[in-house]
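Taking the hints into account, I'd like the entire structure generated from these sequences.
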Amino acid sequence: MATKMDDEEKQKLYDEFVKGIWRENPVFIQVLGLCPSLAVTNSLMNGIAMGAAVLFVLVCSSFLISLLRNVIPKPVRISIYIVVIATFVTAVDFTLAAVAPDLHKSLGAFIALIVVNCLILGRAEAFAGRHGVKESVADAIGMSIGFTLALCLIGGIREALGNGTLLGYSLFGPNFEPWVIMILPPGGFLTLGAYLFLFAYFKERSEEKKQRQADAARNLTEGRRAA
Amino acid sequence: MNDLLWIFVSAAIINNFTLTYFLGLCPFFGVSNKIDTALRMAAANIFVLVITSFSTWVLNTFVLFRAEYLRLIAFIVAIACTVQFVEMVIKKTSPALFKALGIYLPLITTNCAMLALALFQTTRGYGLLQGQAYALGAGVGLGLALLIMAGIRQENELVTIPKLVRGAAMNFFIAGILSMAFMGFAGLFSSH
Chain A
1 MATKMDDEEK
11 QKLYDEFVKG
21 IWRENPVFIQ
31 VLGLCPSLAV
41 TNSLMNGIAM
51 GAAVLFVLVC
61 SSFLISLLRN
71 VIPKPVRISI
81 YIVVIATFVT
91 AVDFTLAAVA
101 PDLHKSLGAF
111 IALIVVNCLI
121 LGRAEAFAGR
131 HGVKESVADA
141 IGMSIGFTLA
151 LCLIGGIREA
161 LGNGTLLGYS
171 LFGPNFEPWV
181 IMILPPGGFL
191 TLGAYLFLFA
201 YFKERSEEKK
211 QRQADAARNL
221 TEGRRAA
Chain B
1001 MNDLLWIFVS
1011 AAIINNFTLT
1021 YFLGLCPFFG
1031 VSNKIDTALR
1041 MAAANIFVLV
1051 ITSFSTWVLN
1061 TFVLFRAEYL
1071 RLIAFIVAIA
1081 CTVQFVEMVI
1091 KKTSPALFKA
1101 LGIYLPLITT
1111 NCAMLALALF
1121 QTTRGYGLLQ
1131 GQAYALGAGV
1141 GLGLALLIMA
1151 GIRQENELVT
1161 IPKLVRGAAM
1171 NFFIAGILSM
1181 AFMGFAGLFS
1191 SH
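The listed protein sequences correspond, in order, to chains A and B.
Numbering-wise (my numbering), the first sequence opens with residue 1 and increments by one.
Numbering-wise (my numbering), the second sequence opens with residue 1001 and increments by one.
Just so you know, these hints were derived from the structure itself, not from any lab.
Among the clues, some could well be false.
[To be verified] Now the stretches of chain B that chain A is said to cover, found in silico as 3 or more residues with beta-carbon under 8 Å: (1) 1107 to 1119; (2) 1124 to 1131; (3) 1177 to 1188.
Every residue, glycine too, gets a C-beta built ideally from N, C-alpha and C.
Here's what the structure looks like:
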């Protein structure tokens, strides 16, 4: 009995973890946390660094908030969440400035702006404030991996097309004329727009496929009945 | 005076908060489906920005010079209080406007534009008046982008758009093209 419970719990944790990566991807599906996902993704490295910073902040704040969820008074919970998040962001900001000053410089104010990233406050309000510690941490890790994945996808495309490089290595040889617009602000909007278009296409196609299968199944049973 | 004007124009169009810094994107996509609501949102934004600029300047000059590491926390608390205050004022003076803004009013707290303004103002070392000009310019810039977007989206409702790009994807493409247009302002003050 006990092992069955354990299995169920594990399955549940796994589900919470996986859903953030693809099915409820924060950037592509929920369209949350747009400022950093567009502003810093002019190179893949920036995307990875931003993702790591968000991972740390989201996991720590989810842990603390889910731990304190029964102590925090309901009417002032949002303010408390923000202060908790701001504390962790300050820690990340100062650590990054000390450890990797160049990276800190290229990310600029956007590390500090993680405080107002709707993704983090959204997870605190929608999940960590209502669930236990284990589930919240699983959810936070999944969500931030999904976020990092999205940042890498956007940053990779923008760096490859706009600069002809990936993580600093030249991709297309010396004759490639970079599309400078891709690393400038408009490129961010256009890349994310293109991704959303692509995802809408895949969703449409899988739904059509399901519909066709359902139709075929129905035709089959009707055909049998007629026979 | 010239300096203030330059700060204003620079924040409003050359370095537009929404279209070149990607700040305040949530309301930019969220409330830009009608010109009417967009206008109200823009007004609330300007109001909050100007008060935030003032309160963070006070915090910076009189309180935070001894405890720099508390800056983020202090700023976000100041912004949250400002938004609460604006909410109360609007609720008392114009209940209709309060209703129209709905959920987007409290959400101004997590609008990145507010915190970004406070941070940029600090790193650039702006004084009180410069900060006010900057806040006003940023607010006008946010409002401008919001209104243009709302106008385009209202027109878009009358045309047939392929099903796949309708909604979020289309809005991003429009924003990308607008952002390209705003890049043209970059040469406006080449001497600076």
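Practice task
Three residues minimum, CB to CB under 8 Å: does the region 1107 to 1119 of chain B make the cut for coverage by chain A? Let me know.
Solution key: Since 8 is at least three, the answer is holds.
Exercise for the section: Examine the region 1124 to 1131 of chain B for residues whose CB is less than 8 Å from any CB of chain A, and state whether their number is three or more. Expected result: violated (count 0)
Practice task
Tell me if chain A covers the region 1177 to 1188 of chain B under the three-residue, 8 Å CB rule, please?
Solution key: holds (count 4)
When each numbered hint is compared with the structure, a violation occurs for hint 2 only.
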